[in-house]
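Visitor: Given the coordinates of chain A, assemble chain B onto it according to the supplied hints.
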Amino acid sequence: MIGAAGTGSRLGVGIPKCLVTVEGKSIIDHQLDLLDDVEDVRVVVGFREEQVVRHVSARRPDAIFVRNPDYTRTTTLHSLRRAAAVLDRPFLALDGDLLVEPSSFRRFMDACEAGPPLVGICEAGTTDAVFVTTEADDTVVTAFHRSPPTAWEWSGPAFVGPEHLAHGDGYVYESLEVFLPLRAQVVDAVEVDTPDDLERARPVVAGWAR
Amino acid sequence: MTTALCFDLDGVLISTPLVALVASATDIGEEIEVLTKATDDGLLPFARSLRLRCRLLRDVTLDEAQRRIRAAAVNQELAAFIATRPDRCFAVSGIPDVWAEPLAERLGCRILASAAVVEDGRVADVPAPLDKAEAVAALRADFDRIVAVGSGSNDLGMMEAADVRVAFGFDPPDPVREVADHWTTTGRALCQLLRPL
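Chains as they are written, first to last, in the numbering used here: chain A, 1 to 210; chain B, 1 to 197.
The following block holds chain B by itself, in its conformation from the complex:
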């Protein structure tokens, strides 16, 4: 049996929200944070919120966004785990794919992210933000079993589309916890759980 291991990118593999890292290059970081919180609280649909926030951040050059994202701290235990089975690990995120590129190099696995429209060296738009559930379901063409590890409310669809659902972190949102089969609070525990899968 072949198994795909899908990780929420910011929340599981990285603890800092990546959009916030890019927003820190601007003077609207707090406004972006308010939008992110409103989205987590269910006031805005994830896809529309992501598109809105990316458009608000379209003055940030691709180089600058990548520089900030490259500096994000990656969970070292999980990165080492992925390095031993890169072909069946996937980092899943709604952020523009071009922003995530430096992390694909660091993690050594594929990143499933939103297709971005780039103009003048900047992300101008993400017209169709990644549907995490669809992205994970598409892996069924190549894998018999899908494991999804989520930490935020926007991971719910991805987890529902998976065969084995894992909630990650000390305080995952109730919906994430409630759909999960397993719950791990640390990278070490998560590696232990995923190793035989």
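Isolated chain A (complex conformation):
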């Protein structure tokens, strides 16, 4: 489930953030590469939805699009709830602005199993990060917080069921807090929120390709 409804206004490019090119292809194409073996791919769309649908459909005609027309007033939590409303099983959620190193994503997918949520944590570095406090060699998250900073941040990857998204009216991590402590799996990833993030991401992604 790729969340790609937002405007990405902090990046300031005027196109959906998932369509921004990093190292020769759009962020969502990098993600679809990771999901080649995944049978059921869904994308939450909002801002310029027709552009996103056309782009993704050309690559994955079997993709399902979940509409969030309230994308300017709602968060990823609302987008995922809309998606979960017609699902009878847990799913892997991924923000449409996250670039993930392929082998670490594979390990994350392998760790996905029904039960308590699993969150993917990565080295902190994003502007406005949601930091996590970890235990047990970074395999357990015991807290989410905006401050103080820690070595790890959570930037969206999670294996969750509809029940884990049912709490509160704010952000996904606030709904997940109810279920702390959570299983964690380290992923090698960079999130693109701002022009600085984008600059930081380019050499990182180029390094993965090598």
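It cannot be assumed that every hint is accurate.
Just some of the chain B residues that point at chain A, by a computed CB distance under 7 angstroms [what the hints assert, rightly or not]: (1) Thr3; (2) Asp181; (3) Thr184; (4) Gly187.
It is worth saying that the hints were derived from the structure and are not from the lab.
For clarity, every value in this text was computed on a predicted model and none was experimentally measured.
Where a beta carbon is used, it is the ideal one built from N, C-alpha and C, also for glycine.
Guide: For chain B alone, coordinates are given in the frame of chain A:
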């Protein structure tokens, strides 16, 4: 929870407009097409337009209309999907019910269509064309949840009457897209979405 799955017939299950198929038996096919376009553009109400077009086509025998409709290409993925749950699938269309009969056999599900007046082996009139929204709402007597899959502007009411609204196709009209909760561009994606419902 029981769920009814309602599909727009021509546009989702079949890609060719069925009225156009019947009109192809006459020499006024182009005129019918103009009327259909004017209707899609909002110049004529759907029900009155359908009745008008059916009256213009009343020289076409029922056998001929059915023969042409029987030859329509059905989306095979969706037909296979319906075959696994025929009792809760419904094809919804404004066309005269007697024209649609051959498709009911092929799809194996009920077709909700307009009650036709048949005279001399021809559809003479459809005095009260099907209101898709009412037809779908009536299913609430038997089902807890209604899913509607639409592709054209005349599906708007049906979608509004449903609990889960799905727009279908690469380029659905803006109103259909705007009321939809989900949007799928292919039969395979639609089956994937509907399977757990």
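Visitor: Going through the earlier hints one by one, which of them does the structure break, listed in rising order?
Guide: Violated: hints 1, 4.
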